[in-house]
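*Asks:* Put together the whole structure using the sequences plus the hints.
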Amino acid sequence: MSVLSDTALRADDVNEAAALEAKKLAEQAMSEQNSEIDHAMASIQLAEAVAQLRTLNSIRKKMGK
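Numbers in the working numbering are just positions in the sequence shown, counted from 1, shifted up by 18.
No wet-lab data here; the hints were simulated from the structure. Note that the coordinates shown come from a computational prediction; the quantities given were computed from them, not determined experimentally. There may be inaccurate statements among the hints.
[Claimed, not checked] Derived DMTMM-like pairs: lysine to aspartate or glutamate, alpha-carbon spacing no greater than 20 Å straight-line:
1. 41 / 66
2. 41 / 56
3. 79 / 56
4. 41 / 54
5. 42 / 66
6. 80 / 34
7. 79 / 45
*Replies:* Right, here's the structure in full:
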């Protein structure tokens, strides 16, 4: 199997508190909508934070935690 990715995170490197904070900040930035570029960057940051949280939840389910 081959996996192509622009980024990779190890399970030990996913910090739930940091991901939740990043999600909160991105949501705040999106609600302010200062410019299209700011909104686009906030959208990217939100997607990354949500992906990290999904990954963490998936790992926890597999490990039975």
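*Asks:* Hints first: check each against the structure and report whether it holds.
*Replies:* Taking the hints in turn, this is what the structure says about them:
At roughly 8 Å between alpha-carbon atoms, residue 41 and residue 66 fall within 20 Å of each other, so this suggested pair holds. As the CA atoms of residue 41 and residue 56 are separated by approximately 15 Å, the hinted pair is consistent with the 20 Å bound. At roughly 35 Å between alpha-carbon atoms, residue 79 and residue 56 are farther apart than 20 Å, so this suggested pair is violated. Distance restraint check for residue 41 and residue 54: the Cα-Cα separation of roughly 19 Å lies within the 20 Å cut-off, and the hinted pair is therefore satisfied.
For the proposed pair residue 42 and residue 66, the alpha carbon gap of about 12 Å is at most 20 Å, so the pair holds. Under the criterion of a C-alpha separation no larger than 20 Å, the hint pairing residue 80 with residue 34 is consistent with the structure, at around 17 Å. Between the alpha carbons of residue 79 and residue 45 the distance comes to roughly 26 Å, so the proposed pair goes past 20 Å and is violated.
Comparing the model with each numbered hint stated earlier shows that hints 3 and 7 do not hold.
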